Amino acid sequence: MKKQNTIRIRSDARNGLLFCLPWIVGFLALSLYPIIMSVVYSFSDVTVETDGIKIEPYGWGNFTYALVNDSAFVTALKDYAIKIVLYVPVITVVSLIIALLLNSKVKGKGFFRTLFFLPVIITSGPVISIFIDKGVAEFSGIATLIDFEALSATVPQFLVSALKFLTSEFIMILWFCGIQILVFMTGLNKLDKSMYEAAAIDGASKWEAFWKLTLPSINPFIVINVVFTIIMQSMFSLNPVISKIQADMNASGEGAGYGYSSAMSWIYFLVLVVLLVVFVLIFKKKERRRVR
Amino acid sequence: MKKKRINSAPSSDDKIVRDKDKLENVTAFPSDTNSESLENIVALPSDIASEELESNSQNTSYAPNAEYIFSTNAEKSIWFAKKKVTKPSDALEIAPENMESNSQNTSYAPIPTDLDTKKRFGKERIRLALLGYGGKRGLISTVVIYAMLILFGFVYVYPLLYMLAYSFMDASDVVNPLVNFFPSSLYWQNYSEAAQTLNFWSSLGQSMLVAILPSIAQTVATMLVAYGLSRFRFRGRKLIIGLVVLAFIVPQQITMFPQLLIFKKLHILDSLLSFIVPAALGQGIKSTIFILIFFQFFNTIPKSVEEAAKIDGAGAFKIFVKIGIPAALPAILLCFLLSVVWYYNETVLSAIYFGGEYTTLPLQLERFQATYESIFGTASTTGKSANEAIYMAGTLLSILPLIVIYAFTQRFFVEGIDKAGITGE
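Line order of the protein sequences matches chains A and B. The numbers in the working numbering rise by one with no breaks, and the one at position 214 of the first sequence is 214. The numbers in the working numbering rise by one with no breaks, and the one at position 330 of the second sequence is 330.
Rather than coming from a laboratory, the hints here were simulated on the basis of the structure. Since the structure is predicted, the reported quantities are computational estimates derived from the model, not experimental observations. Here a beta-carbon is modelled for each residue, glycine too, at the ideal position from N, C-alpha and C. Check before you lean on any hint, since a few could be wrong.
[As the list claims (entries may be wrong)] DEER-style ranges, computed between Cβ atoms: (1) 60(A) / 144(B): 56 to 62 Å; (2) 210(A) / 139(B): 18 to 24 Å; (3) 356(B) / 256(A): 20 to 26 Å.
Could you build all of it, start to finish, from the sequences and the hints given here?
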């Protein structure tokens, strides 16, 4: 019996590794090796020659140049961080609202679901950039409803500019909600109906039930959506940082070239990780507080 | 009682359903599969459907029945989502609703029926109709929900509608401030010029090639890894899962240039292989998402099914082909479609790796203005220019294939994600 068990474990390990083999090879060759090389490049001066590339050690030069001298990069990075900070809560809330609407008994649920998922299909950079260029992404109706001049008299300036930003990109924000809505809908579907009946018998209103039951139960889905939103936004090709990195990659001279763009990519990656950690901590903490 | 139901022969009208549902349904009934052999498990769900059909007249028996069959809500939702495809299950759809209304009628106060004063009755009735009572939604909240849905829906399609309207405007409409949304007439010329500029049919063919071949490779590769991670326990498994997630977080820009050098050494640049090779090794675009979706699906296969197959002498690969793949069919479709869409939309990588060898529609769109001028001349020489309307027509043409694909397959997208619940972990 025992012998059989060990045989099984061994064959399990062999088969499992066999199934994972293509990925492992791919990861080592096409992800891990490039990552290591990218670290090397970021600390060196890389020049492309006809028969390959020449690498000369450059120390922290690329990093200091990016953070100190290259104001365009710092601005792009700042814009990116602000964008994430504004986008993530709005996308999360809007997609939760839409998911809740769709989760209540409505006719044409399938139709609306199809509609809200449509943007996921059309996410190529060129098309979206045309939307933004031509002002289609703006929903001018909302912007005219709000009197920004009057607001700036009473509300702090950064809030007003945040509001301006959100109204000007309202459609864009909605367009990034597709997958998040579906994730929330799956989460809401998994909720136990009897829990709500019990709450209703105890006299809880629907509003209270939402805050006390729905929100805590779908917290894991909120975290998933937050992570997903941040990563998708960071990978999006119209992201200012990415276009900056892309533009500098093929240029030459100081503050350009592969070494420099590698350094920028790593700084970008660190900012991304920091944002990710901060947001996950914020949304996780909420749950703990409520439980207590 | 349950045993009997399982072994009873399925009724004739379920036969069509059986093939379709096959092993998929195994996932919905993990608890029932312990002692039965594969054949019986397959028969189980459709048998229940026929049982339910027979007892159609007894409405009250649904509630306990439904409770009994589905041990968790999640299972129920998965099952009903699946059942939508099949015909005989229509009767079943009544079950959860009945269950609800039954329990709601008992737990909430019924409509007050005091007919003493006519006036109060009327008022009360309007109030209840507006605000709702018990489990029934009132008129006000119904209106609010639909209004919000329609508003959001409108905002979603607004850019597309705008582009559609704009793309039919002729040159005078574009500059005419009075023509705001609706063009004065349908001007098809825009489309023919845009199609010519995009070199539509040739670009479309290449786009499809660029999208479909890597997608096949990616779907197969990610499915294999996910199966390995989900069904086998081995040392380093957790590490691999961690690395899969890590690969998702690291920006493309970090790995792009070193990858380019590798491809150059392998002489696969400027060919489709530069997309297919990473995809086949599980390092394609957003492959982490696909691995997680498959992982989730394979996790739902009960261990006992696999063990039964093992006792019957099936090897690991045979089990994967006979049990794993059928169980993951919805995920395969979903991943393949998503992969096609993402590869189609990719412009950054295709611009670098293909170096002009292949041009996709989105790439053509990026250089629309320049191409247009080279074909039709610049504004200064001919007095014509690629106005906004033509540009919009070109944009619509470039996303047309995606919209067509989506129109036919949207069910798989949406339901696949619903079933996979990307979520989990």
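Outcome of the hint check:
| no. | hint | in the structure |
| --- | --- | --- |
| 1 | 60(A) / 144(B): 56 to 62 Å | holds, 58 Å |
| 2 | 210(A) / 139(B): 18 to 24 Å | holds, 21 Å |
| 3 | 356(B) / 256(A): 20 to 26 Å | holds, 23 Å |
In terms of the numbered hints stated before, the structure departs from none.
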